[in-house]
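A.B. asks: For reference, the chains in residue letters:
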Amino acid sequence: MKNTFTFHRGRAVPIDRDNIDTDQIIPKQFLKSIKKSGFGPNLFDAWRYEDEGFPGQDVSQRKPNKEFILNQERFNGADILISKKNFGCGSSREHAVWSLMDFGFKVVIAESFADIFYNNCFNNGLLPITLSSEEISMMLNIAEEGKEIEIDLENQVIFFEDNEIATFEIDPFRKKCILEGLDEIGLSLIHAAEIKEFEEKRAMESPWIFKMGNKNEK
Amino acid sequence: MPQTLYDKLWNLHEVAQREDGTHLLYIDRHLIHEVTSPQAFEGLKIAGRKPWRISSNIATPDHNVPTTDRAKGIQGINDEVAKLQVVTLDENCKQHDILQFDIHDIRQGIVHVVGPEQGLTLPGMTIVCGDSHTSTHGALATLSMGIGTSEVEHVLATQCLKTSKLQNMRVIINGDLQKGVTPKDVTLAVIGKIGTAGGTGYAIEYAGSVIENMSIEGRMTVCNMAIEAGARAGLVAYDQTTEAYIKNRPFAPTGEQWIHAKSQWEELISDEDAKFDKEIEIDGSLIAPQVTWGTSPEMVIDIDGFIPEPDSESIQHALDYMDLEPGKKIKDIKLDQVFIGSCTNSRIEDLREAAKVLEGKKISDSIKRAIVVPGSGLVSKQAVEEGLDKVFMDSGFEWRAPGCSMCLAMNPDQLGDGEHCASTSNRNFEGRQGYGGRTHLVSPSTAAASAIEGHFVDVREYLP
Ligand code: SF4
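Residue numbers (our numbering), protein chains in the order written: chain A, -2 to 215; chain B, 11 to 474.
It cannot be assumed that every hint is accurate.
What the hints assert, rightly or not - Cross-link-like lysine to aspartate or glutamate pairs, in silico, EDC-like; alpha carbons within 20 Å at most:
id : chain 1 : residue 1 : chain 2 : residue 2
1  : B       : 344       : B       : 429
2  : A       : 193       : B       : 283
3  : B       : 18        : A       : 168
4  : B       : 391       : B       : 112
5  : B       : 378       : B       : 396
6  : A       : 32        : B       : 101
7  : B       : 189       : B       : 314
8  : B       : 344       : B       : 471
9  : B       : 18        : B       : 429
10 : B       : 203       : B       : 276
11 : B       : 175       : A       : 168
12 : B       : 372       : B       : 468
13 : A       : 173       : B       : 346
14 : A       : 173       : B       : 399
15 : A       : 63        : B       : 266
16 : B       : 338       : B       : 359
17 : A       : 198       : B       : 24
18 : B       : 372       : B       : 399
19 : B       : 391       : B       : 427
20 : B       : 378       : B       : 333
21 : B       : 18        : A       : 202
22 : A       : 32        : B       : 52
23 : B       : 371       : B       : 333
24 : B       : 378       : B       : 289
25 : B       : 339       : B       : 312
26 : B       : 60        : A       : 166
27 : B       : 175       : A       : 166
28 : B       : 272       : A       : 202
29 : A       : 198       : B       : 30
30 : A       : 208       : B       : 107
31 : A       : 193       : B       : 29
32 : B       : 55        : A       : 180
33 : A       : 172       : B       : 30
34 : B       : 344       : B       : 330
As the list claims (entries may be wrong) - Simulated restraints, written as ranges between beta carbons of each label pair:
id : chain 1 : residue 1 : chain 2 : residue 2 : range
35 : B       : 330       : A       : 34        : 29 to 37 Å
36 : A       : 34        : B       : 86        : 45 to 53 Å
37 : B       : 370       : A       : 141       : 56 to 64 Å
38 : B       : 323       : A       : 1         : 50 to 58 Å
39 : A       : 131       : B       : 105       : 49 to 57 Å
Hints are computed from structural coordinates only; laboratory data are not their basis.
Note that CB positions come from ideal geometry on N, CA and C, so glycine has one too.
Kindly generate the complete structure, drawing on both the sequences and the hints.
C.D. replies: Following this line, the structure appears as C-alpha cells:
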C-alpha cells in the first residue's frame, strides 16, 4: 500500500556519505523475495550487522554493528534519513524503497538522487527531498544530535524547533501523489483510447515491431 | 528545428501528455527477468488488470540461475528462495502467454545480451526492463531505459512509460585508441571524467571517431555503463555497422520489411546542427587501460596510477573497505579471483579478447578462482565452436553456463570476505560480488593478463 502524508514530525538520522547505492540499501541476497514487504530488517544489512546476512534469518540472533549510526540508541525510531550526493544510485531495484519504508522511513533528504530511485520513491509514497549542500550540512548537524524535525509537505517547508530552516521544491503532481496516494496506472489509462490509436498507427508504419509471437519456435 | 537522436526517438513514441505534465511514451519492447517482475505481475492481478500487448514482452531468467549443473534445469537451483523466483517467472509467462527463453533454452542468457542477439532489440525502438543496465540497448539507436518494479507494472498495464523528457548530452571521443585499450576502458574513462552523477537527468549520446569505428558489441559495453555515469539512457547513432549487425538476426525484419525498416532507421542520427545541453570531448588516444580502486565506478584510475589520498569521508570509507593505502600502485594489488562475464563484457568479442591474451598461458597459482560466464547460451555455443572454452580451461579458468553470475552474486558464484577480484562487470559497490568482497572493474583483456600475473598488469605491454 502506498504511504500518504501531509505533515510529518520525526527524528532524523544522518548518513554522511555520497553515492549510497541500492546494493548498500538492500543487498542482493534479499532480492529473491517475490513480495514487497519484509525487507526492513535487512535494510543496510552489511553496515548494520557484523555477520553476513541471509534471507529468512532471525535477525534478533545476529550481532549488530554498534558503530553504524542506525544502531545507535539516540536514533531509535528515526524515520527521516539525511544523506548527501547521488543517493540511490546503481541498481533499479525498487526493493531499496520497499526496505527503507518497511524499516519505517517516510522521508529521505539528500543533496541529489539518482533518477530511477527518485521515481521509485514516488511510486511508493516515500518522500525524497533535495536540498543544497549548505542545507544538507546543517541538517546533518541537527540530525547528529538525535533531534526531531518537522516536514510540512503541503507548504514545502522544513521546521526545526518551530523555526523554518529550509524550503524545498517538488513537482506539484508528485506532491499530490504523496498527499493523496494516487493510482498511477489508473491515471494513465485515462488515455487508453489515445494509446490504442497511437499503437495502430505505429503498427502500420513499423509493422516489424509487432510481429513476434508467431516466431516463437526454436 | 534540428533534432538530436534522443529527440527523434522521443518524438516517435510520445503518445499523450498527462494532466500532471508527465508524458506517456509508447514502449515497443519490454524485457522481463525473474527478480524485478514478480511483484509487478502480482500488482496487476490484484488490480484485475491484464498485460496490454503480449507481443511486446520477452522474458528470460538470468540473475538467479546457477552457472553449473544446468542440465538439471530449475531443479538444479539449490536455493529455494531463488528457485521460487524462477518458477514464478515461468508461471507468469505461461499464464500470459509471454515468450520466454527459459532455463533449458539455448537462447537463455543475460537479458541485455539476449535482446540484441535475437534481433528483439531493433533501431528506433523504445525498450524498457526492470534493470538499470537496459541502457545497453541504446548501442543500436534505441531509446532504452531501466525502470523500477512499479514502472514494470505500469508498462505491462498500459504499454507506456510515464516519464519526463531528459536533457541531451553528447560525449565525443575522437582519436585512435592505443593497442590494448578497449570499449570498457573508454566507458570507464568517461565515468572517471564526468562522475557517477555527471549524467543524471541526461540521455548520453556517444559519438566521435572512436565510437564510429567501434563494433556494436563494443558500443553495447559503452552504453551499458551510461547508467554508471548517472544517465538513464546511452545512445549511439545508426550506421552501416548497426545495419550489418542486425541483418539476419532471428527476429529482425526480412524481405520488403527489411528495406522498409532500413529507410526508417537511416533517420536515426542526430541532425548536424542539433543542440546538446552539454557536450564533453575526450581524446581517445590518451585513454589508458582503466582499473577501479574503490567502491564506486568513478573511483577509477589508469593502470599505471596510484591509489589517491582521501579528501572526503566517502573516499576514506572506500579506502577502508578496499583495505588500500594511498600512494600504493594499483599494479601492486594482489588478486584472489577473476571474473569474466556480465552484461558489460560477456559477448563473443569479449571472450575472444580475453582468450587472445590467455592463449598458451597459465593463470597464476595465487589466483584462487577464475571463471568465465558467457552472456547467453548462443554466445557459449559460438565460443565452443571457436575453441575458446579450451583456451580458457587450459589456462586455468572455469567455463560456466550463462547468466549474471558473479556480477551481483545472487547465485552461488561469490567472492569471499576481503578477496580482491578483477571483474569485467559494471559495479564495484561494497559487497556486490559477495559479502566483504573487493571488486576492481577492468576490461576482459586486462582481467586475463592480470589473472596470469596474479596482480594488475598493463595489457599494452602484454600484447604481442
Ligand atoms: S549482468 Fe549484472 S549488471 Fe547485468 S543485468 Fe545481470 S546483474 Fe545486472
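A.B. asks: All hints, please: hold or fail.
C.D. replies: The hints, checked one at a time:
1. B:344 to B:429: 9 Å, holds
2. A:193 to B:283: 35 Å, violated
3. B:18 to A:168: Answer violated: residue 18 (chain B) to residue 168 (chain A) is near 26 Å, above 20 Å.
4. B:391 to B:112: 17 Å, holds
5. B:378 to B:396: Judged against 20 Å, a Cα distance of about 27 Å means the pair is violated.
6. A:32 to B:101: Given that 20 Å is the threshold and the Cα spacing comes to 16 Å, the pair holds.
7. B:189 to B:314: With a Cα-Cα distance of about 15 Å, the restraint between residue 189 (chain B) and residue 314 (chain B) holds, given a limit of 20 Å.
8. B:344 to B:471: This hinted pair holds, its Cα atoms lying about 19 Å apart.
9. B:18 to B:429: Given pair residue 18 (chain B), residue 429 (chain B) is violated - Cα atoms ~46 Å apart, limit 20 Å.
10. B:203 to B:276: 31 Å, violated
11. B:175 to A:168: 14 Å, holds
12. B:372 to B:468: 17 Å, holds
13. A:173 to B:346: At roughly 51 Å apart (the allowed maximum being 20 Å), residue 346 (chain B) and residue 173 (chain A) break the hint.
14. A:173 to B:399: Cα-Cα ~56 Å, so violated.
15. A:63 to B:266: 68 Å, violated
16. B:338 to B:359: 33 Å, violated
17. A:198 to B:24: Roughly 12 Å between the alpha carbons, so the hint for residue 198 (chain A) and residue 24 (chain B) holds.
18. B:372 to B:399: Status holds; Cα separation ~14 Å.
19. B:391 to B:427: 33 Å, violated
20. B:378 to B:333: 19 Å, holds
21. B:18 to A:202: 15 Å, holds
22. A:32 to B:52: 9 Å, holds
23. B:371 to B:333: Violated: residue 371 (chain B) and residue 333 (chain B) sit about 30 Å apart, past 20 Å.
24. B:378 to B:289: Violated. Residue 378 (chain B) to residue 289 (chain B) sits at ~44 Å, over the 20 Å cutoff.
25. B:339 to B:312: 10 Å, holds
26. B:60 to A:166: 36 Å, violated
27. B:175 to A:166: 19 Å, holds
28. B:272 to A:202: Status holds; Cα separation ~12 Å.
29. A:198 to B:30: 25 Å, violated
30. A:208 to B:107: 15 Å, holds
31. A:193 to B:29: 18 Å, holds
32. B:55 to A:180: 15 Å, holds
33. A:172 to B:30: 10 Å, holds
34. B:344 to B:330: Holds: residue 344 (chain B) and residue 330 (chain B) sit about 16 Å apart, inside 20 Å.
35. B:330 to A:34: 29 to 37 Å: Given about 33 Å between the Cβ atoms, the range holds.
36. A:34 to B:86: 45 to 53 Å: Given about 29 Å between the Cβ atoms, the range is violated.
37. B:370 to A:141: 56 to 64 Å: Distance hint for residue 370 (chain B), residue 141 (chain A) holds at roughly 59 Å.
38. B:323 to A:1: 50 to 58 Å: 35 Å, violated
39. A:131 to B:105: 49 to 57 Å: For residue 131 (chain A) and residue 105 (chain B) the Cβ distance comes to about 53 Å; the hint holds.
Comparing the model with each earlier hint shows violations of hints 2, 3, 5, 9, 10, 13, 14, 15, 16, 19, 23, 24, 26, 29, 36 and 38; every other hint is respected.
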